[in-house]
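Please model the entire structure based on the sequences and the hints provided.
The sequence shown begins at 1 in this note's numbering and counts up by one.
To be clear, the hints were calculated from the coordinates, so they are not data collected in a lab. For glycine and all other residues, C-beta sits at the position ideal for the given N, C-alpha and C. You can trust all of the hints, since none of them are fake.
Straight-line C-alpha distance at most 27 angstroms; calculated DSS-like pairs for lysine-lysine:
hint: 1; residue 1: Lys102; residue 2: Lys184
hint: 2; residue 1: Lys167; residue 2: Lys285
hint: 3; residue 1: Lys167; residue 2: Lys111
hint: 4; residue 1: Lys107; residue 2: Lys184
hint: 5; residue 1: Lys108; residue 2: Lys184
hint: 6; residue 1: Lys167; residue 2: Lys102
hint: 7; residue 1: Lys45; residue 2: Lys65
hint: 8; residue 1: Lys229; residue 2: Lys65
Computed Cβ-Cβ distance ranges for the label pairs, DEER-style:
hint: 9; residue 1: Lys107; residue 2: Lys285; range: 29 to 35 angstroms
hint: 10; residue 1: Ala10; residue 2: Ile38; range: 41 to 47 angstroms
hint: 11; residue 1: Val124; residue 2: Ala33; range: 31 to 37 angstroms
hint: 12; residue 1: Phe106; residue 2: Ser233; range: 39 to 45 angstroms
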Amino acid sequence: MNVVNEDKLAKSKKRNQSIAFFILGLLGYFIVAILLIILSFIVYKGISVINWSFITQMPEDGMTKGGIYPAIIGTLYLVAGSMLFAFPIGVLAAIYMNEYVKDGVFKKIIKQMTNNLSGVPSIVFGLFGMSLFVNKLGFGDSILAGSLTLGLLALPVVIRTTEEALKAVDNTFRQASIGLGATKWQTTRRVVLPIAFPNIITGLILSVGRVSGETAPILFTVAAYFLPKLPTSIFDQAMALPYHLYVISTSGTNIEESRPIAYGTALVLIIIVLITNLLANALRKYFGRKVKMN
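Written as structure tokens, this is what we have:
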């Protein structure tokens, strides 16, 4: 009797597992299908606009003609500047929190604050950046102010992903290193960090994907409506693809005439994010191979 009941229980568990896997798989395919539909729509609408002139020329006639070259360069400047600020600070903060701070109330408060910060709307970061960097520190509407604001936006993501990457490193590596006479910092720098670095790159990928498409933070700190020239310093204003896309889609004298440019801009932005993510993934795989070889 017990054997029969156990057999029925095993079959029931297997059936429930199969149903759960089927539902999860169906949801996964559904999400992928939605993504493909959106991408196909953007490609269909924007591919006819994209050519060498569109990518390399300055905008003309209130952005209804010409190219988006200044917006592309401005976006790359902002992404690079924000990552130069957020990535080292976020990684160092995560190392301190995971490797040096003991478990307790202080650590819980800091983690909760970091989690809350990642949920703050981006427009709040934009207003804060305008108040601090643009007005208080006197940077004005500039690449520096925009990069620092976007860096603050990306900081919680970098910290959380780096912490998870450090936690994934087995403690036996730390114990073996310290047992051989290495200091805490030497163990962290030469043992823990190289092992965790491939996964830390994940935080960089997520951060790049987020800041490259943000409009609200740069709206108050750096973005220019129509600026047919390239910035010459970090204190200059700049055009950016997200804001450029927003402007030509919602304002202007002839929105319908500039609609194809909006789709082309969206497609270029997607391509830039894709290329950046591919490069970051290649970097992660490279460091992952080095860790395995060592």
